[in-house]
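2 protein chains.
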Amino acid sequence: MNVAAKTDQAGANDRDRALRERAQRVIPGGMWGHMNAARLPPEYPQYFAKAEGARIWDVNGRDYVDFMCAWGPMVLGYRDPDVEAAVRTQSALGDSLNGPSERLVELAERLAGTIPHCDWSLLAKNGTDATTICLSVARAGTGKRKVLIAHKAYHGAAPWCTPYPAGTLPEDRAHQIFYDYNDAASLEQAAAEAGDDLAAIIATAMRHDIGRDHELVDRRFAETARAICDRTGAALILDDVRAGFRLHLGGSWERAGVRPDLSAFSKAIANGYALAAVTGADRFREAATKIFTTGSFWFQAIPMAAALATLDKLHALDGPALMERAGLRFRQGIQAQAQSHGVKIRQSGPPQMPLILFEDDPEVTKSKFFCVEALKRGVYLHPVHTMFLSCAHTDAEIDRALEATDGAFAAVAAKFG
Amino acid sequence: MNVAAKTDQAGANDRDRALRERAQRVIPGGMWGHMNAARLPPEYPQYFAKAEGARIWDVNGRDYVDFMCAWGPMVLGYRDPDVEAAVRTQSALGDSLNGPSERLVELAERLAGTIPHCDWSLLAKNGTDATTICLSVARAGTGKRKVLIAHKAYHGAAPWCTPYPAGTLPEDRAHQIFYDYNDAASLEQAAAEAGDDLAAIIATAMRHDIGRDHELVDRRFAETARAICDRTGAALILDDVRAGFRLHLGGSWERAGVRPDLSAFSKAIANGYALAAVTGADRFREAATKIFTTGSFWFQAIPMAAALATLDKLHALDGPALMERAGLRFRQGIQAQAQSHGVKIRQSGPPQMPLILFEDDPEVTKSKFFCVEALKRGVYLHPVHTMFLSCAHTDAEIDRALEATDGAFAAVAAKFG
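Chains P and S supply the protein sequences, listed in that same order.
Counting from 1 along the first sequence, just add 255 to a position and that's the residue number in my numbering.
Counting from 1 along the second sequence, just add 255 to a position and that's the residue number in my numbering.
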């Protein structure tokens, strides 16, 4: 068998490629959204077959230690036995019914008991649902219109916030004023621009813009946001969709000592089951009764049962501390390897949500090359997006990942010198 | 034990009431959205414990033959064994992963094979996601802005379409022009008003405004919508969220012989699992690649596996015909009972999605009274909203329901004469 025939055979056995070809016919561009592998080097798989703990298998049968965690939702480990047991118990009763099950009340009570600023909550399906509801509650409660948003922050993919505005109207972004994240002066300036029409300030838990060093929230910035809202009556909205339940179980700004009026949670809340939550302070309770928002599946009992089990276990394990330790082990290993191979990198973000960027890498060529080399060696990293640790990232998994990244750094050193 | 003590004891054992009281503390107004029992007479339960087939149990242990089907999603029967088996199989592999499983491709192929106008599809979680995506695709594809919407039609609960605008901005409804459903002349007039800026016409599968006799789509109206879009290049968007997969597996306007460019599906697509789909014709394929929309849980494999099993079974059973027969049996029974009790009613909507209204009932007093009497006798109906039949509504379940409604009509006759 010659090389060409071997390659053909490899192609024929490439289930991922075959699926991508089939998808080209029935999905515009073959895929859409944040999980579109066309946004990654071609070596990345698009389709996945299964997952367990911190491991994920692509459809070609290769497995990886996974540092994307389904882009955040997986916080305890894929198919966590306790969450799955709660799901099975609820599933034997029912899921979509003519109203909620008592899991709704239990979960709203749990959120109020866990998150200091939370007096009440509303549930939904998407992170975008939650950020949109926060904005509506703020406008209903204040009777005002302007919202202050950080430049380049991601708050979801509805017309008012999608980062690619094709198909939306300029009117969808009416009454938005932009500030720079962690820049208290720019926030004050934006607030001044809003005058007496300020409904809300919205901020992500940290600065996690794609392809840019991540920044934890600056305490003075957070305090300034709080002070502006206290002074004007506007709502301080924390978009905790990406970071929620990884940094602190009481909300990600607890570490900065600043409490929002409204928070948007989703991703990690139910270890992969579809759920989003808006949590709010009493000051906005009445406003929350005025808006009308709902969805066919918002009262499903299974995701709520999964959320209760997830929060229970995150508390029992002290999940944020566990993930921080795992993330630090990974970060320290990466730092030592980079140094030993003479490769200059920058690591940012909290250890639970790391980002690795390379010096002198304006086109992220090195970053992509490194990630592909790691992928070949059994580790799934992302070159420009926030990554995620989970409670299933044991020392053994981290060490396995570090074996692979050592080879990847060697390859980077060999290629880029 | 005296009567007061008995009542107290009954109250103490009223789990639904206890849950409502707890919810008052941690959920604004105690509940929100379309499943808020505050919108129904006080006898209706808010919380449900379990469901099976066509039966639902409230938290107080009472069971009902259910004519709401979780407000539409349940189309095969609660906990349908074939759907649940597909869910278990997928669940053993994984659900939220770093990308889709091959269920995505299978489902997109299945939709293209089932729905004549569908060349491609995109998936999401909420019906509102799907209608919103349709609108964005239409605007991206046409480069135009105006959308024609029927007065009082429900297209979801995002700021651009929520029926209660508290917390939204006038700008959220920019470039909307209204027509009367089934009134071809009003549609032509709205199109004229849009001039050369027409992006889309959106229409629900039928007229199903709350509290109003339902109307099937008028063929001439549908043809006029199609003709306007053909003439102007605008997109004809069918909002098939509520009716999809109950009236016709190829899309609800197949019966009218008119094909949309884009359709929004959700509710019944996966028998209760959270999924929505946009299906589109080739003309809008490129536009669909331009927009950016996504969600953390949009690529979950379990709901897609559930959708495949649901569509398989709906085909195998000829679900729409089965539900039509069950609906007709119910409708004919209701009609005979009303007549025998001398109660004047109007039944509307397709048999699979019935609505029962009473003559001389401007405040829907009779309708609510009737529904409460039916509820007491073990049947869950809705006084003003579209109801839903499922494939689990066997003759025996319909006949059991009719025994209860006979008593309810007798009570109406006794009270209102």
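Hints in this document: simulated from the structure, not taken from any laboratory.
Among the hints, a few may not be true.
Just so you know, same-sequence chains aren't split out, so a pair can sit in one copy or run between any two.
[Unchecked claim] List time: in silico EDC-like cross-link candidates among lysine to aspartate or glutamate, alpha-carbon distance up to 20 Å: (1) K545 to E426; (2) K305 to E339; (3) K568 to D537; (4) K305 to E361; (5) K399 to E426; (6) K305 to E357; (7) K407 to D452; (8) K599 to D473; (9) K599 to D615; (10) K599 to D567; (11) K545 to D567; (12) K407 to E470; (13) K305 to E509; (14) K670 to E276.
Can you give the numbers of the hints that this structure goes against, from lowest to highest? 3, 7, 8, 10, 11, 13 and 14
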